[in-house]
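Enquirer: Each chain is listed here by its residues.
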Amino acid sequence: MKRIIRYRDLIHTLVARELKVRYRRSAIGFLWTMLQPLLTMLVLHMVFSTIFRFNVHNYPVYALSGILFWNFFHQGITASMNSLKGNAQILKKLPVPLEVFPIATVISGVINLLFALIPLFVILLVTGHRIDASLAFLPVAILLSALFTLGAGLLLSPLAVFFSDVVELVGVCLTLLFYMTPIFYPMSIVADHPLFWLVRYNPARSILEVFRDPIYLNKIPPIGHLAVALVVALVFLGVGSYAFRRMSDRIPFYV
Amino acid sequence: MAEPVIELADVSLCYRLAKQRLGSIKEYFIHLVKGALVYEQLWALENVDLRVGRGEVVGIIGPNGAGKSTLSKVISGVLKPTRGRCRVSGMVAPILELGTGFDFELTGVENVYLNALLLGRTRREIDAKVDGIVAFSGLGDFIHSPVRNYSTGMVARLGFSIATAWVPDILILDEVLAVGDARFLDRCLQRLHEVRESGATVILVTHNLHEVRNHCSRCLWINRGRLHADGEPGPILDAYSEYIHQTGGALVDRSEPQPQPPPVVA
Chain A
1 MKRIIRYRDL IHTLVARELK VRYRRSAIGF LWTMLQPLLT MLVLHMVFST IFRFNVHNYP
61 VYALSGILFW NFFHQGITAS MNSLKGNAQI LKKLPVPLEV FPIATVISGV INLLFALIPL
121 FVILLVTGHR IDASLAFLPV AILLSALFTL GAGLLLSPLA VFFSDVVELV GVCLTLLFYM
181 TPIFYPMSIV ADHPLFWLVR YNPARSILEV FRDPIYLNKI PPIGHLAVAL VVALVFLGVG
241 SYAFRRMSDR IPFYV
Chain B
256 MAEPVIELAD VSLCYRLAKQ RLGSIKEYFI HLVKGALVYE QLWALENVDL RVGRGEVVGI
316 IGPNGAGKST LSKVISGVLK PTRGRCRVSG MVAPILELGT GFDFELTGVE NVYLNALLLG
376 RTRREIDAKV DGIVAFSGLG DFIHSPVRNY STGMVARLGF SIATAWVPDI LILDEVLAVG
436 DARFLDRCLQ RLHEVRESGA TVILVTHNLH EVRNHCSRCL WINRGRLHAD GEPGPILDAY
496 SEYIHQTGGA LVDRSEPQPQ PPPVVA
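Residue numbers (the numbering used here), protein chains in the order written: chain A, 1 to 255; chain B, 256 to 521.
It is worth saying that the hints were derived from the structure and are not from the lab.
The structure presented is a predicted model; accordingly, all values stated were derived computationally and were not measured.
The reader is advised that the hints may include incorrect statements.
As the list claims (entries may be wrong) - Here's a subset of chain A near chain B, in silico, CB distances under 8 Å, partners left out: (1) Tyr7; (2) Thr13; (3) Val15; (4) Ala88; (5) Gln89; (6) Lys93; (7) Pro95; (8) Val96; (9) Asp132; (10) Asp165; (11) Val166; (12) Leu174; (13) Phe178; (14) Tyr185; (15) Arg245; (16) Asp249.
Stated by the list, open to error - Residues of chain A placed beyond 10 Å of chain B at every Cβ, according to the derived structure: (17) Leu10; (18) Thr40; (19) Phe137; (20) Phe163; (21) Leu169; (22) Leu195; (23) Pro252.
Note that the Cβ used here is the ideal one computed from N, Cα and C, for glycine as well.
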């Protein structure tokens, strides 16, 4: 931990570099961060309010808040898995604490998420959704999401170095998890399903609800939900850091 | 010996060259089930015991593939030994390869920051030294153009300037002095001298035996992963050059039995 604090300026620089690459490469890179979730939301909106008809109040806000959380989580994990390979030349030759790479990746993910919140606010205004002080809780929710994502990234990034098919395997699992998480559908429609427990005890759902409550329901999550989300985030972070530390000595040999 | 800053106790390091490169989990489990998880093990270092005191300048010599670079990676903390213990006290500044940690799209100055951050410096520490680093590198106006336009010598100049801008406790140079021009080499050696005067320890991996003879207080001869000789540079270098001439300097093939070089009598 002390070593990571010593390298905080390095993390800062890595984040800046990652964002620069992302936003410099394509002319509308910056716009794309905001447009992509918006377009996904539009597609879902068209499909689910005309064809399947969920009974969800202000579906665009419900879906978009879910999509923003999911994109952050998904991209954070995928980018963490690439972060060690992408910096192979550095970590084979310089004694840097390897955690800095997934950490920098997740931090730049948070910054992308902040940009992606802009169109969400536009949608809130356009649809006349209520906006109140509970939004001030959002930073806490983002912090919890970040710790959760970082934990998963720390656990998976060394595995992605050791086995090349981990990236594909994780991709499939994430797709599964996407459908197990009430991102584009309301919890109520799966409540009677025999596999409801999969959704109910899905750790990503606890985090998502804490993220969505202040945006969609205009409330600070109930203390019980918050406690569960906090425990989930800390358990992921704890397990992830422990596993990373156990595996990190072998990373330079395989990367 | 002065208080040791580097202590290696019975250090061995094994590279597992997976014969079937186990690239995937599927393969891993198939092999695990079949009980056929065989690796071709390559012991790059075997039972190395080493203590280096503060202020020593140690030259490491040996044929290609002998384990010199692996040893410098273990000392710098990049690779952890498979067996044995390695204890290093103090800040290590390693230059294990030219241009390591450089982003070739960034300018020289930007790379000063990036590289020094990778070496564990903080932004404030770098702010204070950046002018000195640029001046020492002698790169002039080139410092503001992207590093991809640099020659190897220029990259070496910049890397060396950054790594030695702060007097590290341990400076590790793995064959990086070979590419600079004579004038820069002089300045490097001058700075090495300063680094040594300030009490730092220097590890110099090189094929240039003159460098070892003129600048090192101690010489290690690594042969096939083992510490073959350790002591005063003079006699070791004489024995080494004779051995290299006899064997024709062939690359070490570890699968072939090879005659052990004769012991050095100091």
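Enquirer: Each hint: holds or not?
Expert: Going down the list of hints, with the structure as the test:
1. For A:Tyr7, the shortest C-beta to C-beta distance to chain B is roughly 6 Å, which falls under 8 Å, so the interface hint holds.
2. For A:Thr13, the interface hint holds, since its Cβ comes within 8 Å of a Cβ in chain B; the closest pair sits about 6 Å apart.
3. Annotation: A:Val15 was flagged as interfacial toward chain B, and the flag is violated, the nearest CB pair being 12 Å apart, outside 8 Å.
4. A least Cβ separation of about 11 Å between A:Ala88 and chain B goes past the 8 Å threshold, and the interface hint is therefore violated.
5. The interface hint given for A:Gln89 is met, as the beta carbon of that residue sits about 7 Å from the closest beta carbon of chain B, less than 8 Å.
6. Annotation: A:Lys93 was flagged as interfacial toward chain B, and the flag holds, the nearest CB pair being 4 Å apart, inside 8 Å.
7. Residue-level restraint check for A:Pro95 holds (minimum Cβ-Cβ distance to chain B is 4 Å; threshold 8 Å).
8. About 6 Å separates the beta-carbon of A:Val96 from the nearest beta-carbon of chain B, less than 8 Å, and the hint is met.
9. Interface restraint check for A:Asp132: the shortest CB-CB distance to chain B comes to about 40 Å, outside 8 Å, so the restraint is violated.
10. A cut of 8 Å between beta carbons decides the hint on A:Asp165: the least distance to chain B is about 4 Å, and the hint holds.
11. Annotation: interface hint on A:Val166 holds; nearest CB of chain B at approximately 7 Å, less than 8 Å.
12. Annotation: A:Leu174 was flagged as interfacial toward chain B, and the flag is violated, the nearest CB pair being 16 Å apart, outside 8 Å.
13. Interface restraint check: A:Phe178 against chain B, minimum CB-CB distance 22 Å, threshold 8 Å, status violated.
14. Of the supplied interface hints, the one on A:Tyr185 is violated, with its beta-carbon coming no nearer than about 32 Å to a beta-carbon of chain B, more than 8 Å.
15. Interface restraint check for A:Arg245: the shortest CB-CB distance to chain B comes to about 12 Å, outside 8 Å, so the restraint is violated.
16. The beta carbon of A:Asp249 is positioned within 8 Å of a beta carbon in chain B (closest approach about 4 Å), and the interface hint is therefore held.
17. Not every beta carbon of chain B lies more than 10 Å from that of A:Leu10, the smallest distance being close to 4 Å; the non-interface claim is violated.
18. Once the 10 Å rule is applied to beta carbons, A:Thr40 is consistent with being away from chain B; the minimum gap is 31 Å.
19. Distance to chain B confirms A:Phe137 as a non-interface residue, since its nearest Cβ pair spans about 33 Å, more than 10 Å.
20. Some Cβ of chain B comes within 10 Å of the Cβ of A:Phe163; the nearest lies about 5 Å off, and the non-interface call is violated.
21. With a least CB separation of 7 Å from chain B, A:Leu169 falls inside the 10 Å interface cut-off, contrary to its annotation.
22. With a cut of 10 Å on Cβ distances, A:Leu195 stays outside the contact zone with chain B, its closest approach being about 26 Å.
23. In this structure A:Pro252 is not separated from chain B by more than 10 Å, as the shortest Cβ-Cβ distance comes to only about 6 Å.
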